[in-house]
Structures are given as C-alpha cells and as structure tokens.
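Asker: Below are the chains, spelled out letter by letter.
Number of protein chains: 2
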Amino acid sequence: MKRLMECVPNFSEGRDEALVEKIIDEARKIEGITILDYSSDKDHNRTVLTMIGSPEKIKEAAINTARKAAELIDMSKHEGAHPRMGATDVIPFTPVSNVTIAECIEAAKEVGAELGSWGIPVYLYEDACTKEDRRNLASVRKGQYEGFFEKIKDENWKPDFGPQEMNAKSGATAVGARVPLVAFNINLDTPNVEIADKIAKKVRHLGGGLRYVKAIGLKLEERNQTQVSMNLVNYEKSAVYQAFEMVKMEARRYGVNVVGSEVIGTIPMKALLDVAEYYLQIENFGMDQILEKRLLDEQ
Amino acid sequence: MKRLMECVPNFSEGRDEALVEKIIDEARKIEGITILDYSSDKDHNRTVLTMIGSPEKIKEAAINTARKAAELIDMSKHEGAHPRMGATDVIPFTPVSNVTIAECIEAAKEVGAELGSWGIPVYLYEDACTKEDRRNLASVRKGQYEGFFEKIKDENWKPDFGPQEMNAKSGATAVGARVPLVAFNINLDTPNVEIADKIAKKVRHLGGGLRYVKAIGLKLEERNQTQVSMNLVNYEKSAVYQAFEMVKMEARRYGVNVVGSEVIGTIPMKALLDVAEYYLQIENFGMDQILEKRLLDEQ
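Protein chains in written order, with numbering that gives the first Met the number 0: chain A, 0 to 298; chain B, 0 to 298.
A couple of the hints might just be wrong.
Identical copies carry no separate label here, and so any pair may be met within one copy or between two of them.
Taking lysine to aspartate or glutamate and the EDC-like style, the derived pairs with C-alpha atoms no more than 20 angstroms apart in a straight line are [said to hold, decoys possible]:
hint, residue 1, residue 2
1, Lys269, Asp296
2, Lys1, Glu297
3, Lys269, Asp287
4, Lys1, Glu30
5, Lys56, Asp188
6, Lys168, Glu297
7, Lys213, Asp126
8, Lys247, Glu282
9, Lys28, Glu297
10, Lys1, Asp296
11, Lys218, Glu282
12, Lys213, Glu131
13, Lys56, Glu297
14, Lys157, Glu109
15, Lys201, Glu249
16, Lys269, Glu244
Simulated from the structure, these hints should not be mistaken for lab results.
Small disclaimer: the values here were computed from a predicted structure and weren't measured.
Working from the sequences, and respecting the hints, build out all of it.
Answerer: So this is what it looks like as structure tokens:
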C-alpha cells in the first residue's frame, strides 16, 4: 500500500532562477518524488515548492533542498515583501494517502533535528508545536530575520532544535505538520455584504460555529452578489457539507439563497467523497472502493 | 499526463492454479501494468483478471495473456457453470484516466485483429460492436462454445476478425469497450417489495426512466426492508445523484423513506465527485483540482 506525504518548503530566493533550479534539482534527483508545482515570486523574493512522496523520500527531499538552500542563500543580503526568517523559511508536512498526522509530526521532528545539527535554530509549528504559542506560524515568525537576533535570546523563544543563537547566513526555520486546508466559497444572491458577513460570523469557530472553519463575508462586485469565503482547516472534523448546510441554514433567516460555490486550488479527494457519502446516505463506504485510490495504493 | 485504461479479461480455467498463474504471469511481466485483482472460481472453472495500465501496455498485456490462454487451455475439454465460448472468453476495455471510450474501442479492434490472426473467431461487443445485435454480450455468447460450431456458419454471425469457422481448441472470443458500470443500491424503510419494484420500474430506462439505469426491487429479509438495486451503465450520462433523487421522488408517493444506500465494488472517483458537485452547487470545478488525480497524472 503506497504511503504518501506532501511537503511544501518555502525558500527565501525568488529572483535568481539558476540558484532556485539548483535547490529544486535536489528534489528532482530523488526517485519517487513527484514535484507537483514550484513557483517563484520576484517581489516576495521567495520560492514555494510542492512535492509528494513516501515519508522516507519526502524527508530526504526536505533535508537535501534545505541543505542546498543553506549553502546558496545568504539571508544577511535578503530583501523581499513576504515575511521570512530563514533561507529555508518554512517546511510543512501534510498527510496525503495512508499516512497519519502523527507521522507528519514525526517527520517534522526528524527534519527539524537535522537542520538543528547544522547550526540552524528550528521551531516546530502547527500540529508539531511543542508550545501552544508556537502553533501559529505568524507568531513564530514575528520580528522576522532581522528581529530574531534579539528574539532568540528570550527563553520563551529557545528553539526546539539547534543553538539558541541566530544563524546570520541561514536564519531560522519553522518546521511543521498540518492537515490539508480546503478553501471553499459559497455565493449568495444578495448584494448586501453585511448579510454575507453575518452568515460568516455565525458559521465560523470564532462566532460559535464549526470548530475548524474560518469565514469572512465578501462582495462580488461584478456579479452583484456576495460570498461567504471559508477556510476549512480540518475537513475531517468540520466537513465541507456541514459548512455548506450551515451557510444555507443561516441564509434562510434573510430570505437569501445560495447560488453556487467554488473550491479554490486543490482539494483532497476524501473531502468531496465525504460530501457524496453524506447526501447519498451511503452505508459502509470504504475509500478502497475508489478505483483511483486503489491505483495509487498499489502502484 | 498519465493515461490509464482498464482491461478485465475472463479466462476459461479456474481449477488448475499453476496454469492460471502462467497466464497471469504474462501480465505481471509487463512493467507499468498494475494488477488490481484476479480470482478463480472452481464451479465456474473461470478466472477474472483486473488490470490497469497505459493504452499501449494494456493492449500488450491483453494480447500476451490471451496468447498464453490459447496455448494452455483446451476448450474441447472445458466444463463449468458459467456461460463461455472461448479460452479467453471476453476482453473488455474501460477508460480510467485521460482516455476516451473511442480509444477503448480502438484498443478492442487492435486486440481483436491480433487474436483473429491466430485463427480465433472474434466478435466486437458493447460500445465496440459493429452491429446492434452484438452489443449485448449474452446474445453474442448465446449457444456457448458447443453451439458455436453451428452458429458461426450463419452469415449474421460472421466474426469481426478471424475465420468464419470455429476454433475447436480456443473457441471464440468477445472483445469490447464500455464505460465503467456503477452498482448502486438504495434501501427503503418499507418491507413491501412491491413498492420497491414499482419504484425500480419507474426509475429505469425500460419503464420510461433514466436512459442508462437498470433497476429491480429486492427484499432485504434480515433488515425487514427493501431495496432498489441499480446498475448505472453510463454514470456520465445518467448520474448517481439523478438516480438517487428519482428514487426519493417516487418513494414519496408511497410515504416511503430512503434509509441508506450502498456502492457495490469499485466506483470511479468522478462518479462520486459529480454527486458532491451537484449538491454543493460547485461552479467551474476541474478534476485537476483533486490532489490524487494530479498525482496519478504526473507520476
């Protein structure tokens, strides 16, 4: 049975294409690694790599690309619009197939320990965090590269791995684990953004709604409609159909209708299969009944 | 982009395990072929092989396994409960990923021509058929191996490939193309099988219902319930959600409720994603937004 993990490391170089290629080559070289995407942003001066492979191979790819980034990128000369603290800025691991979040946390710790052994301060974040105030990446990265020379002296910001001393060339790195995020928007037949916002507030965790749902109301100028724009940060716990039905339920109060929805970017197969299972009231469905799932597993 | 076709050849040997292994080995040998399943039935004296691969590889595997079956199986000595007419009895091709039904028809013709060149009479069936009365496998196979010595003399049963003369050792083979079949059952809270049957008749093509749906009513003794048991022979044209909603609609007439449903065996991912897309009213969804689909494509 094929086991797959996703890793999306972010590197602090988005202008020097030849340099970026050398980093990506470290992943390309490893047989069994599928590179789904990589893109560089010149303003951000940052490259995001999306790759998938077995837990063993993906750890190897994460380590080798980070090693190359540590060799080639000098953070003391880095400028860019995107917040960053290290040459390899963040390394998140995500379960894709037949892998648990616990194994992703394990991967984050192994890779973190390796980078630490090179003299790079490493912070574990999201589901791999060792303290609650390190769960959120933004709070870990606060102060950025320049601020870390001071921040790291604070005992509360002692790294999980590596020295309690800033690495001037490579900066610091956040290594984490998280379940895949689903970006799901629902369009409403009202042009009144206040209504969309009220619905969003009722559906999201912050307002007493679903635990793993973040939501805001937006105006869709061209369509003369509005939207409840959501992030489902754990679709296995707070499901897509629950978010959809809760928006419909709240919309009813205003005589507003749902006219459509959209999935932004990629979504795990299971997040949508759960929807089909719910509406069709399927009993005892197993993911191995999906032809493509079996194919991925048995290859 | 990875292109995948499924082929499920049926061989007329289910008792001699060593012989069956020699046939399966011909598929195993080919790199890039995934064998999802194979199982032999001693009463039927028959083996069903399910394999997936690129169009080129799957044709090669179909030809090589059929060649081995022609070498090792002697139909003049075959006995078994399942209807059959040849050593390789049927070879259906099915699209799985990035392949059209037209390409499956093409594959059926190529493989059929090859078997014909060995002196085996070949009939194209289902979507590959050259005459409407050859579409249905049962009508092609009618008379079975024993009856074919006479049947083949009829001009109406002149083979599509190979001689118009029965092959005593290898029999005749049906080679076809079809879209994947979805077996989908809906459970009702009534013990009255007449109601289930009336609903089935209203939903199925034969009774004026959905074009690509076959349905019957069944009693579920242990649960004291009934079931509308369906085969969706083209889920892209007559969708799972349509069948589901039509059963609910008809059940209403009798005050009967749907208590659950079940998917039997494997189902293509897209058949269930279409369901999620319908109920969530998703706009502009693309299959390449599914992480696993991209993974299969880019491997």
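Asker: Indicate, hint by hint, whether the structure satisfies it.
Answerer: Status of the hints after comparison with the structure:
1. Taking the shortest Cα distances, Lys269 and Asp296 sit within 20 angstroms of each other both inside one copy (14 angstroms) and across copies (18 angstroms).
2. Taking CA atoms no more than 20 angstroms apart as the test, Lys1 paired with Glu297 passes in both settings, with 6 angstroms inside one copy and 16 angstroms between copies.
3. Taking the shortest Cα distances, Lys269 and Asp287 sit within 20 angstroms of each other both inside one copy (11 angstroms) and across copies (14 angstroms).
4. Taking the shortest Cα distances, Lys1 and Glu30 sit within 20 angstroms of each other both inside one copy (15 angstroms) and across copies (17 angstroms).
5. In this assembly of identical chains, Lys56 and Asp188 lie within 20 angstroms of each other by CA distance neither inside one copy nor across copies; the values are 48 angstroms within and 51 angstroms between.
6. When the C-alpha separation of Lys168 and Glu297 is checked against a cutoff of 20 angstroms, the pair qualifies neither within a copy, at 44 angstroms, nor between copies, at 36 angstroms.
7. In this assembly of identical chains, the alpha carbons of Lys213 and Asp126 lie at most 20 angstroms apart only when taken from the same copy (17 angstroms versus 48 angstroms across copies).
8. Only between protomers do Lys247 and Glu282 lie at most 20 angstroms apart by alpha-carbon distance; the minimum there is 16 angstroms, versus 25 angstroms within a single protomer.
9. In the homo-oligomer, the alpha carbons of Lys28 and Glu297 lie at most 20 angstroms apart only across protomers (16 angstroms), although the nearest pairing inside one protomer, at 23 angstroms, exceeds that limit.
10. For the homomeric pair Lys1 and Asp296, the shortest alpha-carbon distances inside one copy (4 angstroms) and between copies (16 angstroms) are both at most 20 angstroms.
11. Proximity of Lys218 to Glu282 under the C-alpha cut-off of 20 angstroms is restricted to the inter-copy arrangement: shortest distance 17 angstroms between copies versus 39 angstroms within a copy.
12. In this assembly of identical chains, the alpha carbons of Lys213 and Glu131 lie at most 20 angstroms apart only when taken from the same copy (19 angstroms versus 56 angstroms across copies).
13. Taking the shortest alpha-carbon separations for Lys56 and Glu297, both the intra-copy value of 17 angstroms and the inter-copy value of 17 angstroms come in at or below 20 angstroms.
14. When the C-alpha separation of Lys157 and Glu109 is checked against a cutoff of 20 angstroms, the pair qualifies only within one copy, where the shortest distance is 18 angstroms, while the shortest distance between copies is 68 angstroms.
15. Taking identical chains as interchangeable, the C-alpha atoms of Lys201 and Glu249 lie at most 20 angstroms apart only when both belong to the same chain, with a minimum of 8 angstroms there against 36 angstroms between chains.
16. In this assembly of identical chains, the alpha carbons of Lys269 and Glu244 lie at most 20 angstroms apart only when taken from the same copy (18 angstroms versus 23 angstroms across copies).
Hint compliance for this structure: hints 5, 6 are not met, and every other hint is.
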